[in-house]
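Peer 1: Take these sequences, add in the hints, and give me the full structure.
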Amino acid sequence: MKKNIEDLLPPHIRALHPYVPGKPIEEVERELKISAIKLASNENPLGPSPRAMEAMREYVGQVHRYPDGQGFYLRRKLAERFSLHPDQVLLGAGTTDIIEMVAKAFLQGQAEGVTAEGSFVMYYVVAQMLGAALHCVPLKNYTYDVEAIAEAITPRIRVVFFANPNNPTGTYVRAREIDRLLDRIPDGVLLVLDEAYAEYVDDPEYSHSIDYVRQGRNVLVLRTFSKVHGLAGLRVGYGLGVSNLVNCLNLVRGPFNTSSIAQVAAMAAMDDHAHVRESVENNRREMRWLCEQLDRLGVRYVPSVTNFLLVDTGRDANETFQLLLRQGVIVRPMKENGFPTAFRVTIGRHDENVRFIESLKRAGMTAPVPA
Amino acid sequence: MLTRRDFGKRAGLLLAAASGSSESALAQRAIAGLGNAPPGTIWINANELPDGPCAAAREAMTQVLPETGRYHYPEFRDIYAAIARSEGLDRSQVVVGAGSTEVLQMAVQVLTSPVRPLIASEPTFEVPFAVARALGRPTVSVPLTSSYAADVKRLAEEAAKAKGGLIYLCNPNNPTSSLTPKDDIAWLVANLPSDAVLLLDEAYIHFLESPEQESGLAWVRQEKNVMVTRTFSKIYGMAGLRVGFGCAKPALIRPLAALAGNVISIVSARAALASLREAAKLVPERRARLTATRDTLCRWLRQQKRPYIEPHANFMMIDMGRDVRSVIPEFLAKGVAVGRPFPPLDRMLRVTIGTEREMAEFRRVFEQVL
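In the order they appear, the protein sequences are chains A and B. Heads up: the first sequence is residues 1 to 371, going by the working numbering. Heads up: the second sequence is residues 1 to 370, going by the working numbering.
Careful, some of the hints might be misleading.
Unchecked claim - Interface residues of chain B toward chain A, partial, derived using beta-carbon atoms under 8 angstroms: (1) P53; (2) T101; (3) L259.
Claimed, not checked - These stretches of chain A come out as covered by chain B in the derived footprint (C-beta under 8 angstroms, 3 or more residues): (4) 36-46; (5) 55-64; (6) 260-271; (7) 348-360.
Calculated from the structure, these hints are not laboratory results. Remember, it's a predicted structure, so these values are computed and weren't measured experimentally. Just so you know, even glycine gets a beta-carbon here, dropped at the ideal spot from N, CA and C.
Peer 2: Below, the structure written as structure tokens:
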């Protein structure tokens, strides 16, 4: 009997569903005939780094050249910034690309991974894509449970994905706890420390992850240009790790995974200290204001060190999402992520945050929810 | 348990397995060594089009800059649809990648297996071979015919022998710039073993006089086991932006679409869309310019009695009469970066067709090197 081409696919590939994105802002505006604001994707409300935009404008005529596949200049600049060697820097089309590389390189065959429930969805998506086993331990008080993660490391575990701060809860653990975790992780296990929101954290004891790299430990630190630098649409992130590890990951990296214009923009953004400062200041000021407002309304949320808040109204997350959407405020419901009554809202500009709070009031979300 | 030593060993194994995708980049860098190139060097080494993106694409890129702070995932539905429309296909028949390279990678990953080999001509574009080797998949290479076309009979035989597999055919072929006749490919499609898929790389198809006639897209529309890849890196002049796509029936596209992790940058997407809108005018204009420059070079080579492979793309292979490993550095020392060696064609130099001025300089240096 003639076989269909689908029959040749492994079951875990056949089970995959292509990513179905949410409603674009323009579509919401068209349907509701009102202007909409998007506070759903943890983007920088101040927009891209002006210096990055300027650099891209100047580079437009040169995009007929292939990118430097090795990203030599951007890697060198990042290495200088962190006092590392360029061989300890890996570029990705966003950190998601690097998460994929880690899984492709280390989660094949019998190898397994561990992470937390209620964390960054791409860990789960990538593991499923590759048919890799990924164990998920519950969060404790919305926070990664270091003890439970350490306990979950069986001899089959090769990779630990640890989002610090965690998305979507906005919580973090301090460096000394990561120290303790590392001491308990066996030698041949890779700790992926996903620090996509590091620049927003205001705590001197938050992280000394780069030291692990300098000490030659099996740690890969993930950072991104999508958040504080405001370059989400360009797809560029990076990993920092020992050169041996970076070499491994380079083998499964697409030869030209970051575009030339993204590399140019990223380098300019690194020098845009004013933009980074303003972005962090806006976030700090507005986070304080939002929390005050939510406190006043008696709406529960998880205190956050990032540029977003997990808000728990005690009501069905999808319904709340719809109520806010109808008023032109797009947030991200977290029902599918294990928080049935919560949504995630990105800290916007002040005018956006005012509108969000007003919409929340009009949606009747103001009554204190019994504990 | 994996110890730190095993960790290192594993790295070594992976390194050994993937002697390819990064190899080309490394080789290129080693030969064209960034430091060795004199100032003002002419880069006719990577089959880029010197025209760059068209004016409309530049305009679209500049306009989208203030929006680069946003993720644009939702917009990609429209982008996929626009690309599908431009090729007369349905959205479900298209997958977009970071260059056609990413699509080729995904195709090899999904459509080969430990028992289903990758079968391709030698020499050809090396990424599919490199990916297959890195994944530990079997590979079969078949020499080009005496006219530098793909040997379709042997490709089909090998697929039949393996009871399936993925046949990769780049047309026009990189690095030879030669063409496999449409009738030969039609024969291959008609004689494809049932468990085999034909992957037609049409990165350079727009440089042919009648690309639509030569293209394999008709077989995609007929739902054959054929996948066609296209790119914006060549005639559209935007290799730096990383946009390409694959076309096939939905059953072949679906598993690739699920794997397509690298969403392209919004700057790239908008530039690609603007280019597509201009394609009807842009493609023939650029082809005419390119062909004229290439014809001048061919004429000159004939006057020099210098053999070359009849070109069909924006690059060509010239017989240097000696190993190009010694020729390439001589060119570079005189400010002309040319293609790397492509064994087993050791005497053949691959040269990208640049601007008129660049090719005049190439001819001047050529005389000195010989």
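Peer 1: Does each hint fit the structure? Answer for all of them.
Peer 2: Each hint tested on the structure:
Below 8 angstroms, beta-carbon pairs count as interface contacts, and P53 of chain B has one with chain A at about 6 angstroms; its hint therefore holds. For the restraint placing T101 of chain B at the interface with chain A, the shortest Cβ-Cβ distance is roughly 6 angstroms, inside the 8 angstroms limit, so the hint holds. Taken as an interface hint, L259 of chain B checks out: its beta carbon lies about 6 angstroms from the nearest beta carbon of chain A, inside 8 angstroms. Coverage of the segment 36-46 of chain A by chain B holds [criterion: at least 3 residues with CB-CB distance below 8 angstroms; count 5].
Note: the segment 55-64 of chain A has 7 residues with beta-carbon separation from chain B under 8 angstroms; the three-residue rule is met and the coverage holds. Counting residues of the segment 260-271 of chain A whose beta-carbon sits less than 8 angstroms from any beta-carbon of chain B gives 4, enough to reach three: the coverage restraint holds. Note: the segment 348-360 of chain A has 0 residues with beta-carbon separation from chain B under 8 angstroms; the three-residue rule is not met and the coverage is violated.
In this structure, only the earlier hint numbered 7 is contradicted, and the remaining ones agree with it.
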